[in-house]
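Student: So the protein sequences, as listed, match chains B and L.
Its first residue numbered 0, the first sequence is counted upward by one per residue in numbering that gives the first Met the number 0.
Its first residue numbered 0, the second sequence is counted upward by one per residue in numbering that gives the first Met the number 0.
The set of hints was computed from the structure by calculation and includes no laboratory data.
Using N, Cα and C, we set each Cβ at its ideal position, and we do this for glycine too.
There may be inaccurate statements among the hints.
Computed cross-link-like contacts, SDA-like style, restricted to lysine to any residue with a CA-CA straight-line distance of at most 25 Å [what the hints assert, rightly or not]:
no. : chain 1 : residue 1 : chain 2 : residue 2
1   : B       : 75        : L       : 60
2   : B       : 14        : L       : 209
3   : L       : 90        : B       : 52
4   : L       : 85        : B       : 14
5   : B       : 75        : L       : 17
6   : B       : 75        : L       : 85
7   : B       : 48        : L       : 214
8   : B       : 14        : L       : 214
9   : B       : 48        : L       : 100
10  : B       : 14        : L       : 71
11  : L       : 85        : B       : 51
12  : B       : 48        : L       : 211
13  : B       : 48        : L       : 89
14  : B       : 48        : L       : 18
15  : B       : 48        : L       : 65
16  : B       : 48        : L       : 13
17  : L       : 85        : B       : 55
18  : B       : 14        : L       : 226
19  : B       : 48        : L       : 244
20  : B       : 48        : L       : 134
21  : L       : 90        : B       : 55
22  : B       : 48        : L       : 85
23  : B       : 48        : L       : 80
24  : B       : 75        : L       : 65
25  : L       : 85        : B       : 46
26  : L       : 160       : L       : 137
Under 10 Å between C-beta atoms, here's a sample of chain B residues computed to sit facing chain L [stated by the list, open to error]:
no. : residue
27  : 16
28  : 51
29  : 52
30  : 61
31  : 74
Chain B is nowhere near these chain L residues, computed Cβ spacing over 10 Å in every case [claimed, not checked]:
no. : residue
32  : 17
33  : 47
34  : 75
35  : 98
36  : 121
37  : 141
38  : 237
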Amino acid sequence: MVSVADAVNTTIIGKGLMIAFGFIGPSIGIGLIGGNYLSAVGRNPEAAKFFGQALVFVAIVELFGLLAFASTFIVK
Amino acid sequence: MISSLLARFAESGPSVHVAPAPVTQLGGLTITNSMLYGWISTVLIIIALIAVARRVTVKPNGGFSQFIEAGAEFIVGLVEGAFDDKERGRKYVPFFTTLFFFILLSNWLGLLPIVGEGFHAGETPLFRPFTADLDGTLAAGIFTMAFVYAASIRESGGFGKYMRHFFVGSPLNPLYFIIGILEMLTDLTRTFSLALRLFLNVTIGEIVIAVFSYLGHFAAPLTALPFTLVELFVGALQAYIFTVLSLMYLAIAVNHASEHAEHEDADVSDSQTGAMNVHAESA
Numbered sequence: 000m001v002s003v004a005d006a007v008n009t010t011i012i013g014k015g016l017m018i019a020f021g022f023i024g025p026s027i028g029i030g031l032i033g034g035n036y037l038s039a040v041g042r043n044p045e046a047a048k049f050f051g052q053a054l055v056f057v058a059i060v061e062l063f064g065l066l067a068f069a070s071t072f073i074v075k
Numbered sequence: 000m001i002s003s004l005l006a007r008f009a010e011s012g013p014s015v016h017v018a019p020a021p022v023t024q025l026g027g028l029t030i031t032n033s034m035l036y037g038w039i040s041t042v043l044i045i046i047a048l049i050a051v052a053r054r055v056t057v058k059p060n061g062g063f064s065q066f067i068e069a070g071a072e073f074i075v076g077l078v079e080g081a082f083d084d085k086e087r088g089r090k091y092v093p094f095f096t097t098l099f100f101f102i103l104l105s106n107w108l109g110l111l112p113i114v115g116e117g118f119h120a121g122e123t124p125l126f127r128p129f130t131a132d133l134d135g136t137l138a139a140g141i142f143t144m145a146f147v148y149a150a151s152i153r154e155s156g157g158f159g160k161y162m163r164h165f166f167v168g169s170p171l172n173p174l175y176f177i178i179g180i181l182e183m184l185t186d187l188t189r190t191f192s193l194a195l196r197l198f199l200n201v202t203i204g205e206i207v208i209a210v211f212s213y214l215g216h217f218a219a220p221l222t223a224l225p226f227t228l229v230e231l232f233v234g235a236l237q238a239y240i241f242t243v244l245s246l247m248y249l250a251i252a253v254n255h256a257s258e259h260a261e262h263e264d265a266d267v268s269d270s271q272t273g274a275m276n277v278h279a280e281s282a
């Protein structure tokens, strides 16, 4: 009897799931940052000068997606 | 055609390196390709910046020096704007300008075609971008945070006074004590988050360029070009973010320290103005 682990390459599935779930969070986070920045600029055009600070928060959020991507190289 | 394209995925993939590879031995010390290129790019950056510093004029003369001048002015404005007291912030300008230009030019020198698969030493590539090595970025992170801690301890006026900033109220209160300890642990992760962010961004950029030049086959320059242009932007953005984040860590501690120093005077004047306001309202 062949077990599932023998028939299916579970490493590939694991890597796929890691990338999929690891990218969901940062995608939502960056979307929220961008959307809130634009709505802030829409309310008050003076707020456009905080674009640099918005990018800093994008970088903080982005790190977690990159961590998930980098972890796929560790999984063997 | 599609089946032949799909078959390419099944073959051995593009050559992707996550870790730097040893190139040679020097007195029992292993020299990796990222160390080698780090030294080369450091020398190039120093020579280029010294040449630019000699050519600086009041009237803009265009070219590369103009670009460096604009970048330096941007960082000077950034550093001075972050501190409540501009004079206090001005003495930290050289450090952050150096940091910004070193990371920016290292990232961009890493995008040259000679880096990566261009030259080989045996099996491994001869050159690797310095910022695509976790040891390199960790060294940058450790030195930056050591500078930030030393400067904030000096600005707060002693180690004890600096540690006091982590506690909202009295450290004898168990709740404030636990929050303070957690704050300290969060502070320690900053070194690793700075290092990992820079390393992962640059390395993943390299991997993406490698994958797309592999997929392009004979049209590799065409498919890799858009991602190289994206990496130009990402390299500049990461240099900016590394500088801004370390600047924020320093500015928070320094501004907090100056706030504390003024607090005792402020209490008196606040109560006086408060009393005056009450008088004005009643009148």
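Student: Could you check the structure against the hints above and give me the numbers of any it violates, in ascending order?
Tutor: Violated hints: 1, 4, 6, 7, 10, 12, 14, 16, 20, 24, 26, 27, 31, 32 and 38; rest satisfied.
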